[in-house]
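Fit chain A to the known structure of chain X by using the hints.
Here are the chains, one letter per residue:
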Amino acid sequence: MHGPGEFELSRRGILVGGAASVAMTAAPPIAEAQEAASAGAGAPVLARVTLKVNGKPHTLELDTRTTLLDALREHLQFTGTKKGCDHGQCGACTVIVDGRRINSCLSLAVMHEGDSVTTIEGLGTAEKLHPMQAAFVKHDGYQCGYCTPGQICSAVAVLDEIRAGIPSHVTGDVAGKPAMSAEEIRERMSGNICRCGAYSNIVEAISEVAARRKA
Amino acid sequence: MKFTTPAGTNPIDQGKIVGKPTPRIDGPLKTSGGARYAYEHNEAVKNPAYGYVVGSAIAKGRISAIDLRDAKAAPGVLAIITADNAGKLTKGSFNTAMLLGGPEIEHYHQAVAVVVAETFEQARAAAALVRVDYAREKGAYDLAASVDSAVKAGGNNAKVGDFDGAFAAAPVQFDQRYTTPDHAHAMMEPHASIAAWDGDKLQIWTANQMIAWGRGDVAKTLGIPKENVRLISPFIGGGFGGKLFVRADAILAALGAKAAGRPVKVALPRPLMFNNTTHRPATIQRIRIGAGRDGKISAIAHEEWCGDLPGGGGENSVAQTRLLYAGANRLIGQKLAVLNLPEANAMRAPGEAPGMMALEIAMDELAEKLGIDPIELRVINDTQVDPEKPERPFSQRRLIECMRTGADKFGWAKRNPKPGQVRDGRWLVGIGMAAAFRNNINMKSAARVRLDGSGIVTVETDMTDIGTGTYTIVAQTAAEMMGVPLDKVKVKLGDSSFPVSAGSGGQWGANSATAGVYAACVKLREAVAQKLGFNSDDAVFAGGKVRAGKRSVPLADAAKAGEIVAEDVMEYGDLGRKFQQSTFGAHFVEVGVDIATAEIRIRRMLAVCAAGRILNPVSARSQVIGAMTMGAGAALMEELVVDKRFGFFVNHDLAGYEVPVHADIPHQEVIFLEETDPTTSPMKAKGVGELGICGVGAAVANAIHNATGVRVRDYPVTLDKLLEGMPEFA
Numbered sequence: 001m002h003g004p005g006e007f008e009l010s011r012r013g014i015l016v017g018g019a020a021s022v023a024m025t026a027a028p029p030i031a032e033a034q035e036a037a038s039a040g041a042g043a044p045v046l047a048r049v050t051l052k053v054n055g056k057p058h059t060l061e062l063d064t065r066t067t068l069l070d071a072l073r074e075h076l077q078f079t080g081t082k083k084g085c086d087h088g089q090c091g092a093c094t095v096i097v098d099g100r101r102i103n104s105c106l107s108l109a110v111m112h113e114g115d116s117v118t119t120i121e122g123l124g125t126a127e128k129l130h131p132m133q134a135a136f137v138k139h140d141g142y143q144c145g146y147c148t149p150g151q152i153c154s155a156v157a158v159l160d161e162i163r164a165g166i167p168s169h170v171t172g173d174v175a176g177k178p179a180m181s182a183e184e185i186r187e188r189m190s191g192n193i194c195r196c197g198a199y200s201n202i203v204e205a206i207s208e209v210a211a212r213r214k215a
Numbered sequence: 001m002k003f004t005t006p007a008g009t010n011p012i013d014q015g016k017i018v019g020k021p022t023p024r025i026d027g028p029l030k031t032s033g034g035a036r037y038a039y040e041h042n043e044a045v046k047n048p049a050y051g052y053v054v055g056s057a058i059a060k061g062r063i064s065a066i067d068l069r070d071a072k073a074a075p076g077v078l079a080i081i082t083a084d085n086a087g088k089l090t091k092g093s094f095n096t097a098m099l100l101g102g103p104e105i106e107h108y109h110q111a112v113a114v115v116v117a118e119t120f121e122q123a124r125a126a127a128a129l130v131r132v133d134y135a136r137e138k139g140a141y142d143l144a145a146s147v148d149s150a151v152k153a154g155g156n157n158a159k160v161g162d163f164d165g166a167f168a169a170a171p172v173q174f175d176q177r178y179t180t181p182d183h184a185h186a187m188m189e190p191h192a193s194i195a196a197w198d199g200d201k202l203q204i205w206t207a208n209q210m211i212a213w214g215r216g217d218v219a220k221t222l223g224i225p226k227e228n229v230r231l232i233s234p235f236i237g238g239g240f241g242g243k244l245f246v247r248a249d250a251i252l253a254a255l256g257a258k259a260a261g262r263p264v265k266v267a268l269p270r271p272l273m274f275n276n277t278t279h280r281p282a283t284i285q286r287i288r289i290g291a292g293r294d295g296k297i298s299a300i301a302h303e304e305w306c307g308d309l310p311g312g313g314g315e316n317s318v319a320q321t322r323l324l325y326a327g328a329n330r331l332i333g334q335k336l337a338v339l340n341l342p343e344a345n346a347m348r349a350p351g352e353a354p355g356m357m358a359l360e361i362a363m364d365e366l367a368e369k370l371g372i373d374p375i376e377l378r379v380i381n382d383t384q385v386d387p388e389k390p391e392r393p394f395s396q397r398r399l400i401e402c403m404r405t406g407a408d409k410f411g412w413a414k415r416n417p418k419p420g421q422v423r424d425g426r427w428l429v430g431i432g433m434a435a436a437f438r439n440n441i442n443m444k445s446a447a448r449v450r451l452d453g454s455g456i457v458t459v460e461t462d463m464t465d466i467g468t469g470t471y472t473i474v475a476q477t478a479a480e481m482m483g484v485p486l487d488k489v490k491v492k493l494g495d496s497s498f499p500v501s502a503g504s505g506g507q508w509g510a511n512s513a514t515a516g517v518y519a520a521c522v523k524l525r526e527a528v529a530q531k532l533g534f535n536s537d538d539a540v541f542a543g544g545k546v547r548a549g550k551r552s553v554p555l556a557d558a559a560k561a562g563e564i565v566a567e568d569v570m571e572y573g574d575l576g577r578k579f580q581q582s583t584f585g586a587h588f589v590e591v592g593v594d595i596a597t598a599e600i601r602i603r604r605m606l607a608v609c610a611a612g613r614i615l616n617p618v619s620a621r622s623q624v625i626g627a628m629t630m631g632a633g634a635a636l637m638e639e640l641v642v643d644k645r646f647g648f649f650v651n652h653d654l655a656g657y658e659v660p661v662h663a664d665i666p667h668q669e670v671i672f673l674e675e676t677d678p679t680t681s682p683m684k685a686k687g688v689g690e691l692g693i694c695g696v697g698a699a700v701a702n703a704i705h706n707a708t709g710v711r712v713r714d715y716p717v718t719l720d721k722l723l724e725g726m727p728e729f730a
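Heads up: the sequence lines are chains X and A, in that order. For the first sequence, position 130 (counting from the first letter as 1) is numbered 130 according to the UniProt record's numbering, and the numbering increases by one without interruption. For the second sequence, position 239 (counting from the first letter as 1) is numbered 239 according to the UniProt record's numbering, and the numbering increases by one without interruption.
There could be a bad hint or two in this list.
Unchecked claim - List time: in silico EDC-like cross-link candidates among lysine to aspartate or glutamate, alpha-carbon distance up to 20 Å: (1) A:490 x X:127; (2) X:138 x A:669; (3) X:128 x A:594; (4) A:138 x A:148; (5) A:488 x X:127; (6) A:721 x A:594; (7) X:138 x A:487; (8) A:46 x X:127.
Bear in mind the hints are in silico, worked out from the structure with no lab data behind them.
This is chain X alone, in the form it adopts within the complex (with noise of 0.2 Å):
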């Protein structure tokens, strides 16, 4: 979990990963930059990258075009994540990269060598299901369950944001704790669309999650 603290640590991160990437678009020369424009009409660039998923590494030779999405459900067959836009608008991709959620649909496989993927076959199976898993189902919070792998792993990542101090657009204090409310999920969760609208019993779900592990 990436903690308050390490906030400024990540904006460095950026600000030198930003240089360094145009000091590479900068350095080809022209005929250079031309054949690897010509080279994405053909023969596709594969890379080799190994992602550890639910705890279980796979190496895999791929196109450098594929997403992290695809590479789950195309290659990996862990069909559980969903693509419902592959833009970034609707959340059903919605995976845990070391700790992290994120859309998996944004991001492209090769940018995750070595990382730690947790996706909603990792949280529990239909047999074992994960405490949010099982909540799901108690409080319906679902209908015809396409975002709903999304949903789970999107709030499995917001208790924890909750729980390490991570402000939202929603609370008072940033500086201060923010409070484990059906406001703050709901805000938390507007980034996975249910179509079906299962809202409300969404975040009755989350809310018992939430409350029993306080306690």
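Quick look at chain A alone, frame taken from chain X:
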């Protein structure tokens, strides 16, 4: 089995399992990622290729040239299908436009090609290399500008008495226009299919609400016998009417698979869905009501103007006005203009959803004009018979009880009828209500039931579960009928090799499909009784046993020598014509409107529903809160914005087409009135999934008016429409 007379007492009335709050039996699969949706049948389909759809860049015209050279030369490409090489395609019975366009283009993003390649990435990259030249033609894209060209259309044109005379003579006259914009289903799972050929047999794993319609239209479109087509759709990631029909993904996957000689997967990219598939069309509605000072309606007229592609239909937003309120003189009409926008079609509660958005604001406005409480106005104009045919009673109609119960529960008495009076900090607070109304429809539906030697009952029907909870209510029905616990029932759905069901649409699924299961179970009970030597009329099925008199035998014993299979179909007589079968409800909404910015927040929502027997209160409640959520979206944010120059929906993704998110929706309450309707089926149930959306938009709009005093008649009610009329504040 034919249902021709109202149901008497039957095993469903025991209510040991049916009617009990039951968590979904498919819940553990859905929450653990084990439910397989259309694009995910990786165990069944090895080594698939990937198809990527290219959509038309114009709304109307012709393809003048198509250059596939670069695309064909791109790595991994196996085949490219266009209208040039697809062979003869016939438009499906349920489609308005061709699913593969060219050379003629009928709407923007109509599919013009599918590129099939070894990988998704290769197919997508090659699809971007397909170069199409178009000859654009002038089209009509503006509904308001097309009103004069609209012609009488649809099934809701009716005149009773003398509307013009009665309206002119009425002491109080009300006349207003309302508009609702185009809406998108925007279900979470994109339309997706995997197609595989085995010789001339075609199998498609797809996302489809109506398996038998789909099978028929796949066969018709491709020109192959229906018997050679199998559709499989065990889990569907939302439909709302958007998956009632075969769409381009299924047809292009089939064509691609044929050409590539391999199974092919096709999912519509999200940004293609809004213009490539169907949507709920925009409406312009005029409502006129003539009433006495006592609130009694003497004249009511509701007219609709709508647009669609040639051969399409209107929205039918006037439908509910034929039945909801009394009044001796009535005028109902609908007119349809030709628009060259994407294909208009059914979306959750077609007709009533946008119709009630207008009618129930009109009733609120009329109540204000009369100085009568909005609930009382509706009570005064209640009718227990079809107003057009007074000899035809409603089978059940408890609208008044829904409104009174809701008023009590929601604290309606505390509402200040004068708008703009209630403040809570920076918020202006308002309360609004609306009636809910949606017809009940019964559809012929069949099922097959198997009993095996271990006492397991397996139900097979091509019925679908689009999130509605079908798996569970089908299991509850079979368990109740056969006298076994729920975990002894297995349910198999969404396969065209199973008996043809009602399918999911028009809120007919729950009652119709379970009635089909009921019929099959009656047959199975007879077969079991016979096998065990009971008189089937005397046999009681309970506790996993069959009992008559003092003799009791385990149910499983009947299948010891081999599985027993029974199949039947439930068909309907004329009860639906003798009685008007409808579902009723009342919506209550409290909103806060920011005094300075006019930002609107929904604070509380309640629906009270009377919809026959509620088969599973858990999933029925979810259907209603989901519909309330979609209704809140229609009230506050949902609008496909039309580019009137080029003829397409501009906001064609989930960032531009806004739907409600968690932060928009408060805790929601639902109350079901205890009710059974013996005229609908032996289940005595009715639909409820669409009732929940009917009226909720108007309840939101009425609450906003109560909060601010601003009346918005053009949906969605966004803050820019409120700002000018907002009350002054210090």
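Verification of the hints:
{"no.": "1", "hint": "A:490 x X:127", "in the structure": "holds (17 Å)"}
{"no.": "2", "hint": "X:138 x A:669", "in the structure": "holds (17 Å)"}
{"no.": "3", "hint": "X:128 x A:594", "in the structure": "violated (46 Å)"}
{"no.": "4", "hint": "A:138 x A:148", "in the structure": "holds (18 Å)"}
{"no.": "5", "hint": "A:488 x X:127", "in the structure": "holds (17 Å)"}
{"no.": "6", "hint": "A:721 x A:594", "in the structure": "holds (13 Å)"}
{"no.": "7", "hint": "X:138 x A:487", "in the structure": "holds (17 Å)"}
{"no.": "8", "hint": "A:46 x X:127", "in the structure": "violated (27 Å)"}
Hint check: violations occur at hints 3, 8; the rest are consistent with the structure.
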